[in-house]
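Knowing the structure of chain A, use the given hints to seat chain B on it.
Residue numbers (the numbering used here), protein chains in the order written: chain A, 72 to 406; chain B, 72 to 406.
Keep in mind the hints are simulated off the structure, nothing from the lab.
Keep in mind that this is a model prediction, so the values were computed, not measured.
Heads up, a few of these hints could be off.
What the hints assert, rightly or not - One-sided excerpt, in silico: chain A residues whose CB lies under 8 angstroms from chain B:
| # | residue |
| --- | --- |
| 1 | V220 |
| 2 | V252 |
| 3 | N262 |
| 4 | E285 |
| 5 | A286 |
| 6 | R287 |
| 7 | D288 |
| 8 | V314 |
| 9 | F318 |
| 10 | C325 |
| 11 | L339 |
| 12 | L347 |
To be verified - Okay, the calculated bits of chain A under chain B, using three or more residues with CB under 8 angstroms as the criterion:
| # | region |
| --- | --- |
| 13 | 298 to 305 |
| 14 | 327 to 334 |
To be verified - Label pairs and their calculated CB-CB ranges:
| # | chain 1 | residue 1 | chain 2 | residue 2 | range |
| --- | --- | --- | --- | --- | --- |
| 15 | B | Y123 | A | G243 | 53 to 61 angstroms |
| 16 | A | G209 | B | E259 | 32 to 40 angstroms |
| 17 | B | K266 | A | G243 | 34 to 42 angstroms |
| 18 | A | G209 | B | K348 | 25 to 33 angstroms |
| 19 | B | E259 | A | N279 | 36 to 44 angstroms |
No residue lacks a Cβ here, since even glycine has one placed at the ideal position from N, Cα and C.
Protein chains: 2
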Amino acid sequence: MADVIVAVDAMGGDNAPVEIVKGAVDAVVLRPEIKVLLVGIEDVVKAELAKYTYDKDRIEVINATEVIATEEPPVMAIRRKKDSSLVVALNQVKNGRADAFVSAGSSGAVLVGGQLIAGKIKGIERAPLAPLIPTEKGVSLLIDCGANVDARASHLVQFARMGSVYMESVVGVKNPKVAIVNIGAEEEKGNALVKETMPLLKNCTDINFVGSVEARDIPKGDVDVIVCEAFVGNVILKLYEGVGSTFMKKIKGCMYKNLKTKIGGLLLKSSLKETLKAFDASEHGGAPLLGLNGLVVKAHGNSTSKEITNSIIQCIAFKKQQINEKIKANLLDEE
Amino acid sequence: MADVIVAVDAMGGDNAPVEIVKGAVDAVVLRPEIKVLLVGIEDVVKAELAKYTYDKDRIEVINATEVIATEEPPVMAIRRKKDSSLVVALNQVKNGRADAFVSAGSSGAVLVGGQLIAGKIKGIERAPLAPLIPTEKGVSLLIDCGANVDARASHLVQFARMGSVYMESVVGVKNPKVAIVNIGAEEEKGNALVKETMPLLKNCTDINFVGSVEARDIPKGDVDVIVCEAFVGNVILKLYEGVGSTFMKKIKGCMYKNLKTKIGGLLLKSSLKETLKAFDASEHGGAPLLGLNGLVVKAHGNSTSKEITNSIIQCIAFKKQQINEKIKANLLDEE
Numbered sequence: 072m073a074d075v076i077v078a079v080d081a082m083g084g085d086n087a088p089v090e091i092v093k094g095a096v097d098a099v100v101l102r103p104e105i106k107v108l109l110v111g112i113e114d115v116v117k118a119e120l121a122k123y124t125y126d127k128d129r130i131e132v133i134n135a136t137e138v139i140a141t142e143e144p145p146v147m148a149i150r151r152k153k154d155s156s157l158v159v160a161l162n163q164v165k166n167g168r169a170d171a172f173v174s175a176g177s178s179g180a181v182l183v184g185g186q187l188i189a190g191k192i193k194g195i196e197r198a199p200l201a202p203l204i205p206t207e208k209g210v211s212l213l214i215d216c217g218a219n220v221d222a223r224a225s226h227l228v229q230f231a232r233m234g235s236v237y238m239e240s241v242v243g244v245k246n247p248k249v250a251i252v253n254i255g256a257e258e259e260k261g262n263a264l265v266k267e268t269m270p271l272l273k274n275c276t277d278i279n280f281v282g283s284v285e286a287r288d289i290p291k292g293d294v295d296v297i298v299c300e301a302f303v304g305n306v307i308l309k310l311y312e313g314v315g316s317t318f319m320k321k322i323k324g325c326m327y328k329n330l331k332t333k334i335g336g337l338l339l340k341s342s343l344k345e346t347l348k349a350f351d352a353s354e355h356g357g358a359p360l361l362g363l364n365g366l367v368v369k370a371h372g373n374s375t376s377k378e379i380t381n382s383i384i385q386c387i388a389f390k391k392q393q394i395n396e397k398i399k400a401n402l403l404d405e406e
Numbered sequence: 072m073a074d075v076i077v078a079v080d081a082m083g084g085d086n087a088p089v090e091i092v093k094g095a096v097d098a099v100v101l102r103p104e105i106k107v108l109l110v111g112i113e114d115v116v117k118a119e120l121a122k123y124t125y126d127k128d129r130i131e132v133i134n135a136t137e138v139i140a141t142e143e144p145p146v147m148a149i150r151r152k153k154d155s156s157l158v159v160a161l162n163q164v165k166n167g168r169a170d171a172f173v174s175a176g177s178s179g180a181v182l183v184g185g186q187l188i189a190g191k192i193k194g195i196e197r198a199p200l201a202p203l204i205p206t207e208k209g210v211s212l213l214i215d216c217g218a219n220v221d222a223r224a225s226h227l228v229q230f231a232r233m234g235s236v237y238m239e240s241v242v243g244v245k246n247p248k249v250a251i252v253n254i255g256a257e258e259e260k261g262n263a264l265v266k267e268t269m270p271l272l273k274n275c276t277d278i279n280f281v282g283s284v285e286a287r288d289i290p291k292g293d294v295d296v297i298v299c300e301a302f303v304g305n306v307i308l309k310l311y312e313g314v315g316s317t318f319m320k321k322i323k324g325c326m327y328k329n330l331k332t333k334i335g336g337l338l339l340k341s342s343l344k345e346t347l348k349a350f351d352a353s354e355h356g357g358a359p360l361l362g363l364n365g366l367v368v369k370a371h372g373n374s375t376s377k378e379i380t381n382s383i384i385q386c387i388a389f390k391k392q393q394i395n396e397k398i399k400a401n402l403l404d405e406e
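Isolated chain A (complex conformation) (with noise of 0.2 angstroms):
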C-alpha cells in the first residue's frame, strides 16, 4: 500500500514525455512507499512505459488530452484546456486522490494552476515558490521566485515561516536561520518593503531570524531561508545559474588553449566535475510552490529523469513530515 500518491505531469517539459516517465519509474523503484498517477495522452504515456520493468500496481495512468505549451498564457490556458495533462493531474490532488503534483512545464501555468485549482490554504496571502540553490555549504531556500511580484510585508512573513517549517521538516536543517535579503547589513538600510517586513520578522518567536542577508554572502550559505520579494528572488535565481554558466564557459576555453592546458584539463577534470556536481541544480529536485492545499513542485523545464525523480520523492518528507499542518499551526499562533 503506498503512502503518499503522486500526480505527475508526464506532457510538460522540454524532455517529455521520455524523461518525465523514466524519473516516474525510477522513483517507484527506489522508494516502496510512492505511488505515481502518470497523467497525459494515455497511448504515448503507454508506450513509453512499455520500455521498463516496475510494479504495475504503484503507476497508474491517467488519460488527458490535451497539453499546456511553454508559450501560451497561463490564466486562458488553465480555464480553456480543462482536459490538458497538467489540469487533469492538479484535479487529482483537488479531489483527495494525490498528496502532491510534479510538473515540469510552463512555469507560469503550474503557479496559476496551483492557486486556481488546488488553492490556497485558508489565512495564507500568497503562494510562494521556493527552490533549493546550492551554495558552499550546502543549499538554501530561496523564498520568493513566484511570478507574483510586488508583495507585502505580510505575505514576506509568511513566506519566512513557510520556508523555515519547509527547511526544517523537508530538508532537515535544524533550527533553520532566517533572513531578508537587504542591500547592507546596517538597521537604517533597505528599500520601504524591507524596513517594514525587518522588525515584523523580529517579532516572529516561532522563526530563527538572523536579520539581514547581502547578496554577497547568498553564496557562502551561512543562511539558510533567504527571503525576499518575487522580483529580487527571480533576479538572484536567474543570475546565480548566469554567472556560473559564464564562469563554467570561461573555465572549459581555458582548457582548450594549447596542448599543455588540455593536459591539465584531463588531469583535472573528474575533480572538477565533483566539486561542481554540488552546484548542479538538477540534483535537488524542483521547487515547491508552498502554502497549497497538497504539494505542487515545479521542476526546471529542461529537466531530465532523475530531477523528475528526485522531485517525486521529496513530496514522501512533506507528506510524512505532515508540513501543511505546521503551516496551519503556525497560521493559528499568528491569530
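For chain B alone, kept in the frame of chain A given last:
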C-alpha cells in the same frame, strides 16, 4: 599645462594612503594631461609621495586634518567633518578648481557628499551609481547601484539616457544597447515599476532601447546599459561578486585534491589567470556617480593603486567627451 584636474581622497579606502598615493603618481606618469590634487593629512601624504619620482608640478597636496571612517553615518559625517579629506576634495570640484573627484572611501559618504557638495545637474532628479560589470563580451554599465532605493519611473528614464551617453562617450561603445532588468521577456511581465517605465523608455528616441534583459543573460554581455532600481542593482552587483568568488574557491579546491590535480592545476594556472583577469573589477576603474556637477568616481574600498590609476584616467574621457554637456542637452530635449 594639465587638461584634467582630479581631486583625490588620499585617506579613503582600506589601503589608504599607500595605494592611493601610488595610484595618483602612476596616473600622472602615464598620462601627461592629468593633474592631481591629493587631499589628506599633509605630513602623511608627503611622506608617501617622497617614495616616488614624478613631475612635482602635477601633484599638489592639499591639507585636510580629518578622516571619515567607513562605519560613520554618512550625512552626519559630511556635515560635521568639514575638514575631512572627502569634504575638502569635493569642495575642489564645487569651487571649480577640479574637474573630478576620486575616492575609495565610505560608499555612503561619497554618494551623499557628491550630491550635497558637488550637487546635481539642474533637472536631474537622482544621481545614479553606475559601475561597469565584466561580461563574456567585455563590460556592461549597471545603472543604478547606489544608496537611493525605491526609484520612480522618471528616474529610470534619466538613468537610461545618462548611462547611454557614458557608455558611448567614455567607454566607446557605439549606439549602446539599453535594456531594463526584468523577470521575463514577455510584454506583460514585470513589477509595477518596470511596467510603468517600459513605455517611457520605448518613447526615448535618443537611446537604443532593446527591451527587457533577464538576470540570467546579464553575464553574456548582449546589452551595454542595464537599467534597474538601486535595490535590484545592488543585489546584481553583489551577487556577481559572490558567485564568482565562490566558483573560484571551488576551482582552487579542486586543484589541491591530490598530486594529479595539483599538476593539472599548474599546467592551467597561467591560462586561467589570464581568462579570469577579464572578470576582475579593478581592471575597469571605479564607478561613476552620474548627473552631478563635475564627475564623482567611487573606487572599491579595497582598491589597489591600479584601480585608483584607472579611476583617475577615466576622468580624462569624461571631461574631453563633455559628458555633462551631453547630459544637459538631453534634458533640454526632454522638455
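Tested hints:
| no. | hint | in the structure |
| --- | --- | --- |
| 1 | V220 | 4 angstroms, holds |
| 2 | V252 | 7 angstroms, holds |
| 3 | N262 | 4 angstroms, holds |
| 4 | E285 | 6 angstroms, holds |
| 5 | A286 | 4 angstroms, holds |
| 6 | R287 | 4 angstroms, holds |
| 7 | D288 | 6 angstroms, holds |
| 8 | V314 | 4 angstroms, holds |
| 9 | F318 | 5 angstroms, holds |
| 10 | C325 | 5 angstroms, holds |
| 11 | L339 | 4 angstroms, holds |
| 12 | L347 | 7 angstroms, holds |
| 13 | 298 to 305 | holds (count 4) |
| 14 | 327 to 334 | holds (count 5) |
| 15 | Y123(B) x G243(A): 53 to 61 angstroms | 59 angstroms, holds |
| 16 | G209(A) x E259(B): 32 to 40 angstroms | 36 angstroms, holds |
| 17 | K266(B) x G243(A): 34 to 42 angstroms | 40 angstroms, holds |
| 18 | G209(A) x K348(B): 25 to 33 angstroms | 31 angstroms, holds |
| 19 | E259(B) x N279(A): 36 to 44 angstroms | 38 angstroms, holds |
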